[in-house]
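Participant: Build the complex: two chains, separate frames, hints provided.
Chains as they are written, first to last, in full-length UniProt numbering: chain P, 1 to 254; chain A, 1 to 440.
No lab work stands behind these hints, which were simulated from the structure alone.
Idealized CB from N, CA, C, for every residue including glycine.
Possibly wrong hints are sitting among the right ones.
Here's a subset of chain P near chain A, in silico, CB distances under 10 Å, partners left out [claimed, not checked]:
#1 Asp52
#2 Tyr84
#3 Ser91
#4 Ala101
#5 Ile106
#6 Asn143
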Amino acid sequence: MLEIKNLHARSEDTEILKGINLSVAAGEVHAIMGPNGSGKSTLAHVLAGREDYEITEGEVTYDGKDLLDMEIEERAAEGVFLAYQYPVEISGVSNKYFLKAAINSIRKHNEQPLISRGDFVAMLKEKLALLGMDKSMMDRSVNEGFSGGEKKRNEILQMAMLEPKLAILDETDSGLDIDALKIVSEGVNALRSPERAIVVVTHYQRLLDYIVPDKVHVLAGGKIVRSGDKSLALELEDKGYSFLNEGTEAVAAS
Amino acid sequence: MIATENDAYQESFNQFQTEQSATAPAWLTELRQAAMTRFTELGIPTKRIEDWRFTNVKSLAAKPYQNVQSISLASGDAEELLQRAKLDDSFHRLVFVNGHYVSQWSTQHELPEGVVIENLASSIRENSGDLQERLSLETSDEAAAFIALNTAFVNDGALIDIPEGVVLDRPIHLIFLSVESGQTVCHPRNLIRLGKGSRAAVIESYLGREGEGYFTNAITQIELDKSADLDHHKLQHEQTDSLHVASTHIDQKDSSEFRSHYFSFGSLMARNEINCMLDGGEIVATLNGLYMPTGEQLMDCRTRIDHAKPNCNTYELYKGILDDHAKGVFNGKIFVHQDAQKTDAKQSNQALLLSDDAVVNTKPQLEIYADDVKCTHGATIGELDENALYYLRSRGVSKDLARKMLIFAFANDVVQGVEIPAVRQHLETILLSSHGLPDV
Numbered sequence: 001m002l003e004i005k006n007l008h009a010r011s012e013d014t015e016i017l018k019g020i021n022l023s024v025a026a027g028e029v030h031a032i033m034g035p036n037g038s039g040k041s042t043l044a045h046v047l048a049g050r051e052d053y054e055i056t057e058g059e060v061t062y063d064g065k066d067l068l069d070m071e072i073e074e075r076a077a078e079g080v081f082l083a084y085q086y087p088v089e090i091s092g093v094s095n096k097y098f099l100k101a102a103i104n105s106i107r108k109h110n111e112q113p114l115i116s117r118g119d120f121v122a123m124l125k126e127k128l129a130l131l132g133m134d135k136s137m138m139d140r141s142v143n144e145g146f147s148g149g150e151k152k153r154n155e156i157l158q159m160a161m162l163e164p165k166l167a168i169l170d171e172t173d174s175g176l177d178i179d180a181l182k183i184v185s186e187g188v189n190a191l192r193s194p195e196r197a198i199v200v201v202t203h204y205q206r207l208l209d210y211i212v213p214d215k216v217h218v219l220a221g222g223k224i225v226r227s228g229d230k231s232l233a234l235e236l237e238d239k240g241y242s243f244l245n246e247g248t249e250a251v252a253a254s
Numbered sequence: 001m002i003a004t005e006n007d008a009y010q011e012s013f014n015q016f017q018t019e020q021s022a023t024a025p026a027w028l029t030e031l032r033q034a035a036m037t038r039f040t041e042l043g044i045p046t047k048r049i050e051d052w053r054f055t056n057v058k059s060l061a062a063k064p065y066q067n068v069q070s071i072s073l074a075s076g077d078a079e080e081l082l083q084r085a086k087l088d089d090s091f092h093r094l095v096f097v098n099g100h101y102v103s104q105w106s107t108q109h110e111l112p113e114g115v116v117i118e119n120l121a122s123s124i125r126e127n128s129g130d131l132q133e134r135l136s137l138e139t140s141d142e143a144a145a146f147i148a149l150n151t152a153f154v155n156d157g158a159l160i161d162i163p164e165g166v167v168l169d170r171p172i173h174l175i176f177l178s179v180e181s182g183q184t185v186c187h188p189r190n191l192i193r194l195g196k197g198s199r200a201a202v203i204e205s206y207l208g209r210e211g212e213g214y215f216t217n218a219i220t221q222i223e224l225d226k227s228a229d230l231d232h233h234k235l236q237h238e239q240t241d242s243l244h245v246a247s248t249h250i251d252q253k254d255s256s257e258f259r260s261h262y263f264s265f266g267s268l269m270a271r272n273e274i275n276c277m278l279d280g281g282e283i284v285a286t287l288n289g290l291y292m293p294t295g296e297q298l299m300d301c302r303t304r305i306d307h308a309k310p311n312c313n314t315y316e317l318y319k320g321i322l323d324d325h326a327k328g329v330f331n332g333k334i335f336v337h338q339d340a341q342k343t344d345a346k347q348s349n350q351a352l353l354l355s356d357d358a359v360v361n362t363k364p365q366l367e368i369y370a371d372d373v374k375c376t377h378g379a380t381i382g383e384l385d386e387n388a389l390y391y392l393r394s395r396g397v398s399k400d401l402a403r404k405m406l407i408f409a410f411a412n413d414v415v416q417g418v419e420i421p422a423v424r425q426h427l428e429t430i431l432l433s434s435h436g437l438p439d440v
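So that you can see chain A by itself, here it is in the shape it has in the complex (with noise of 0.2 Å):
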């Protein structure tokens, strides 16, 4: 037999069905037994892959990762990360431990009626709802392989529903850590759905500790019905030694609005996908971006806006900050299928590269099959604006220090577009400490 670099993902999975095997409904062993059978046809992808040319993930991804069965929490590691990532003590907040839910860090205000917050593993426990039908995430996009390796090893996540006209006042904050020491992997699932006219803000942390290198493969899915609203935020905190691979699949109805802000920070190696599925009219989906790689760290953002219906509205702006040697890839693709007349999409991607060494690959792609639509497009690649340099300096602020000033303002464009006070309030302190401006 011949050793692959899926053999350790193979045995982990199988230690990982025979212990769940006493619990798990018939339809999710069934379930998790075809995603693995998927994930090993598909293999982990290579560079050869057109849409992993530029992320060599199999170096990172094809480590023996451990799928971590139980936490422990005895060491201080857990906690201070946990400290770390609390954005406000009046959210709702879920928290996941290597990919297991902590209940005692977590906590539930009190909810409107209907409002369903809890962790999907209870759900599956109770083996409530439509679970089944929703973890078959059916997909032919790029990530396919790693969305077949958390399906083979989904457990838990968040599982929220907002039911039909509830505006849910306080964000729901989703932490997710990885603590447990070894190379460690967790596969977390999320489970957002908004009825109609509903409304809900999200955020998602990643954090965890140094070590060894561990790998996170998270998979967001949420469902928007008609008119239903949700701000969706990630903050991308992952150490630097980490595989933080993600997707975020977004299915919305008519007149439902979405709004994603997505913060990359962290990780060695962050490939980020937003699928955003425009199945209805009068929608209206802003996707906001800001990476900033530093070091020897790799940031691939990716996203696609399918517009399928009439009269719908895209907005998208992505920034990357890059610095030493690190990478940045950004890949945009809008498709308007035939029916969606009057759509409207906006796209932009700018790069600012602070050093020679520092590389960043961008590609709008466009696809478009309806005539009477509006689509653009921007990339720019860049050092700083020479004019604006010259502003400064020509008012008595020294070039470093205008340089600073415009570096932070060029960031801060994306962070303020954020709403949450306490979400705005801490990617502002972020900005401060790497790319700070001096009290003057």
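Here chain P stands alone, though its shape is the one from the complex (with noise of 0.2 Å):
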């Protein structure tokens, strides 16, 4: 579903990332872990197309389109979603408002009949309960006033709502309480499917006890420069990073 070939890019003029390869199919979960700055944002958001980041080299194919071509909205409607490390607040937007907007800007795109009120109101309450979150969120402006563990709620509330083919999720453990991390672990584990892909970014291995992955790659310097199991996981939690920055440099010398 997902094929990163060398990918390279650079914010201003500092490169981040130095050659990304990665393969992700359908039905799969990956985890991407690493040390800070290690560049798995600038990643996350690359493939969601934000406009900061310049493409140097390399290329993402997104269900055998070309990914890095398309628009922010377009890579959207065709089922690519990133649950942000930070939501955007937004002032004087509700998130009913924003939700069917967002549902039916995507609709229109794939040629399919917009949502009936009824049927948006209906799902949106299944997904609500899903996720322990109250109704009366739904009437509060975009994440403001959101506590942490709220915001990091309403991404996968949205993730839920959106269906998304590909999913990512950046660092969606931060600021969460252990119930707060096993509430959205769940809200994520029911969109697992075989018709979707996962790909998890997190400094932390405690997450993937709960979204347990199916493959692991380690992200540093701008590169992936392990993959594993989900043992590789347990074996960083065990050993920290700093045994792999000699790895990375080993890596580079060669």
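Facilitator: Next up, the structure:
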């Protein structure tokens, strides 16, 4: 579903991604781990289409199409979803309006009939229950005055409502207490399906206790330096990232 | 004799004084005459005067405007405008057409004892109370010429007196319409006084018909006694070929609370000044405003807050959305006098420029003579928040709809500060029709 080849990206004068290769198939859950500043969030935003980054080399194929050639909203409409590490507060736009606008924009793009008010309300009710959120939050402005945990839940709620094909979770566990982490993970797990791929970007392995990955990749210095199964995450938890740095240099030197 | 731009006003004034001579009390004739002399001395402000630098009022104010002595209401225009202005039939309503009170369109519901809601012309006829003192508005401020001009022609407007302890549950809606043909001018004068611990809400609406361009020169004077509470709204919907110059003067005593909501949509040029004198302790004043000029419109918003005594809080939020060739001016003065320790004053002015040709001049002006105070001010001028646009687009929302959502949200923030449902709904409707959100 997602094929990243030799991806290089820079922000102003700094090269952040230095040749990423990654292949994610439908139905799989991949975890991308790595120390701070390794380029994890950049990778997530490059896939979502953030315009602050310049792609200098490489290609990304999504569902057989050139992802990097698509507008931000086109990517979303084609099924790419990024759950933000820092969700944006939008004062004056209600969650409900925002969600309905998003769903119908995507449907319009895909030439599908628009969602009816009744269907929307029913769907929203079901997903709110899944994430243990109160419906009064939907009348409030997008993320405004939400606690850190509420913002993260709201991201997963949006994901549940939009039913993407490729979901990228950027540090979704940061700022969550253990109860919230469980609820959010359950929300993500409910979306696991053979047609859907999920990429979990995280610094810590604790999220992976709840969202168990098929594959784990370690990103350091803008490259994937190791890949393995879920045991790699446990090894990192045990030894920390420091031992990898030597490995990275070795790779770079070779 | 050299013809000046004031000749038309002078001629009109002479005629006005003659017509009024039979009925006006002597003090009023003198007051008007003195004001006219003052206006002639001051003249219409030019751009050389700092406070009018960005607002070339002379181009519009120096027209031969006619003071309307009697109104016909023959055409259906006035009634149609009235329908547009109406907010809620449960409100007390005073309607003025070209400066004259129209009793058949006004409504007064049952009032608590002692409450006075009437028109100034009737009060003048009865020569009641301390009108002479109240109409002698001494001011050294920048709108002095227009204040003098208003006083020279002072005749009608709203007079509201709420006695001590009375809570008025229905808002009072004042509607000012300009409908007579020709280049007309009116000078409404509103006097509002709230006694100790009383509470009221007032809405002023200004509308007019399309034509040759008219001029509204309004003044509202507000006195709030100890612990009084007033919610004041102004909805400026003048025709886009007109000139609107207005000032609101508020005098607050201990523990009183004043909230101003100013919404500016109409006029070719609109200059609005709000002067708050906090003459007591523990006072709260909130000034919120939204101005949305498009086309060739110019909107000049000025506020001045005088913190004269200790422990007062003021909050000010003005937002502008400017499109096409529109111009905006914001000037927010805050004076913290020497006695005003423990003052907490917050001011924020945010402008959103939707076109490369739109311009805004913003100037916060703080003068602080006390040492134990908290004063903050911030001004931002910019385009839409890129982060928010990205966030919305990354959920599939098109760039165009994302922009609309953010513009609406920017303005809606001020609208949601309005507590009276009928006023809020009215504003939401306007917002939706100009910067509306499509049904999604």
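Participant: Take the hints in turn and mark each one as holding or not.
Facilitator: Results of checking the hints against the structure:
{"no.": "1", "hint": "Asp52", "in the structure": "holds (9 Å)"}
{"no.": "2", "hint": "Tyr84", "in the structure": "holds (7 Å)"}
{"no.": "3", "hint": "Ser91", "in the structure": "holds (6 Å)"}
{"no.": "4", "hint": "Ala101", "in the structure": "holds (4 Å)"}
{"no.": "5", "hint": "Ile106", "in the structure": "holds (4 Å)"}
{"no.": "6", "hint": "Asn143", "in the structure": "holds (9 Å)"}
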